[in-house]
Amino acid sequence: GAGVSQSPSNKVTEKGKDVELRCDPISGHTALYWYRQSLGQGLEFLIYFQGNSAPDKSGLPSDRFSAERTGGSVSTLTIQRTQQEDSAVYLCASSPGLAEDTQYFGPGTRLTVL
Amino acid sequence: KNQVEQSPQSLIILEGKNCTLQCNYTVSPFSNLRWYKQDTGRGPVSLTIMTFSENTKSNGRYTATLDADTKQSSLHITASQLSDSASYICVVRKQAGTALIFGKGTTLSVSS
Chain R
5 GAGVSQSPSN KVTEKGKDVE LRCDPISGHT ALYWYRQSLG QGLEFLIYFQ GNSAPDKSGL
65 PSDRFSAERT GGSVSTLTIQ RTQQEDSAVY LCASSPGLAE DTQYFGPGTR LTVL
Chain C
37 KNQVEQSPQS LIILEGKNCT LQCNYTVSPF SNLRWYKQDT GRGPVSLTIM TFSENTKSNG
97 RYTATLDADT KQSSLHITAS QLSDSASYIC VVRKQAGTAL IFGKGTTLSV SS
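Protein chains in written order, with the numbering used here: chain R, 5 to 118; chain C, 37 to 148.
Extracted from the complex, chain R is given alone in its bound form (with noise of 0.2 Å):
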């Protein structure tokens, strides 16, 4: 079946831009996940859903940072006022609910902030 899809693979934004980026987790599945990967550094955690309780927002940056999840499926990350440091491969993960399961990650979505 399908896996996680995200878009766009690439975004060129000017800094203080906001932004958009979309993850389209695997159906069925009721966690999502949110990181951050920079050049040369491992990955970031940024955020989690699991079905309808309330999101672990625990790794957002700064108040810069916030995403929804529609519907227990698609998922929005955004930015607000980008910066340059913001520049980074945005990674979305889903699995089908246990915290044990195992992630499946899309191709991510490589974010340049000029």
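Worth flagging that the hints you see were computed from the coordinates, not collected in a lab. Take these hints with a grain of salt, some might be off.
Said to hold, decoys possible - Residues on chain R that point at chain C, a partial pick, calculated with CB under 10 Å:
id : residue
1  : Phe49
2  : Thr106
3  : Gln107
These numbers were taken from a predicted model, which means no experiment stands behind them. We put the beta carbon where it would ideally sit given N, CA and C, even for glycine.
Starting from the known structure of chain R, arrange chain C on it as the hints suggest.
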């Protein structure tokens, strides 16, 4: 501080040779440890997962080991192939909550 350290940072080997990648962690309390393979421009794909009680697990030519006492894990790749060229990431989950601690990865290049 919860950390996951991987070594070497990068590695180049000839096709057909074996190699071993290392992962040391200080994450506590420990739940499980995964090795992921990430091809260039793609998302990570899970290779193996091990819990506290497991000390070895194989997935084809990939064999992972875990020593929970010394907090060390290794990923051994046998008879390497060109398609093994990728970044290999060690990920440790804490016992409580959703926190995953990612290593920075080892970049493996297999040449012919």
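Here's how the hints hold up against the structure:
The beta carbon of Phe49 of chain R is positioned within 10 Å of a beta carbon in chain C (closest approach about 6 Å), and the interface hint is therefore held. The interface hint given for Thr106 of chain R holds, since its Cβ lies 5 Å from the closest Cβ of chain C, which is under the 10 Å cut-off. Checking Gln107 of chain R against chain C by beta carbon gives a least distance of about 7 Å; that is within 10 Å, so the hint holds.
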